[in-house]
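2 protein chains.
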Amino acid sequence: MTTEKIDGVSVATQASVYFDGKCISHGITLPDGTRKSVGVILPATLTFQTGAPETMECVAGGCEYKLAGSDTWLRSGPGDTFSIPGNSSFDIRVGEAYHYICHFG
Amino acid sequence: MTTEKIDGVSVATQASVYFDGKCISHGITLPDGTRKSVGVILPATLTFQTGAPETMECVAGGCEYKLAGSDTWLRSGPGDTFSIPGNSSFDIRVGEAYHYICHFG
Numbered sequence: 592m593t594t595e596k597i598d599g600v601s602v603a604t605q606a607s608v609y610f611d612g613k614c615i616s617h618g619i620t621l622p623d624g625t626r627k628s629v630g631v632i633l634p635a636t637l638t639f640q641t642g643a644p645e646t647m648e649c650v651a652g653g654c655e656y657k658l659a660g661s662d663t664w665l666r667s668g669p670g671d672t673f674s675i676p677g678n679s680s681f682d683i684r685v686g687e688a689y690h691y692i693c694h695f696g
Numbered sequence: 592m593t594t595e596k597i598d599g600v601s602v603a604t605q606a607s608v609y610f611d612g613k614c615i616s617h618g619i620t621l622p623d624g625t626r627k628s629v630g631v632i633l634p635a636t637l638t639f640q641t642g643a644p645e646t647m648e649c650v651a652g653g654c655e656y657k658l659a660g661s662d663t664w665l666r667s668g669p670g671d672t673f674s675i676p677g678n679s680s681f682d683i684r685v686g687e688a689y690h691y692i693c694h695f696g
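Protein sequences appear in the order of chains A and B. Counting in my numbering, the first sequence runs from 592 upward without gaps. Counting in my numbering, the second sequence runs from 592 upward without gaps.
Just chain A, same shape as in the assembly (with noise of 0.2 Å):
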């Protein structure tokens, strides 16, 4: 099961570009005031820093992720999230597309 659409949310037009355009994505804020992002990674292998704690949704495709202090490589597809702590961060790799939302805290 995954998340197709968020509804009633307010959504900043101008795209957060990342790595050269690798990671595109767009913030939205929701009703409550809560800011989570929306986005895409296309095919690279990148290191995430955090700030605030983060959890990564998948909503399609997939990736391979190993967190800060691990040497595990593990799956996330659609449906999956996984959760970095804050001031952390995270390797990623992609092989098609990885399209997720991002909740912060």
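Simulated from the structure, these hints should not be mistaken for lab results. Some clues are possibly wrong.
Pairs count within a copy or across copies, as identical chains cannot be separated in the list.
[To be verified] Distance condition first, Cα-Cα at most 30 Å in a straight line; then the derived DSS-like pairs of lysine-lysine:
id, residue 1, residue 2
1, 613, 596
2, 613, 657
3, 596, 657
The structure presented is a predicted model; accordingly, all values stated were derived computationally and were not measured.
Given the coordinates of chain A, assemble chain B onto it according to the supplied hints.
Relative to chain A, chain B alone:
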């Protein structure tokens, strides 16, 4: 004056990926059922086909575009719009990034 956000929309969580990732967009649906998309085009020269007529509104960055049947490249920057007839095409060239809202119909 650019449109920085669009309120009260339903956002599709899966992106549309065109031209090997040179164009990424997310579909949005307004409360009245109107569909638009928010997206970004990365540095490239591309040709897009239209089905329905489209109006492209620049929200950040910029591009040059040339409509089918024209020999003239025109510049479009933040706050500018240009319209493309249905069942037509346009060329677009982007040097940095072109962030847009696509209005249909």
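Verification of the supplied hints:
no., hint, verdict
1, 613 / 596, "both (22 Å within a copy, 23 Å between copies)"
2, 613 / 657, "both (18 Å within a copy, 27 Å between copies)"
3, 596 / 657, "within (27 Å within a copy, 34 Å between copies)"
Against the hints set out earlier in the document, no violation occurs for any number.
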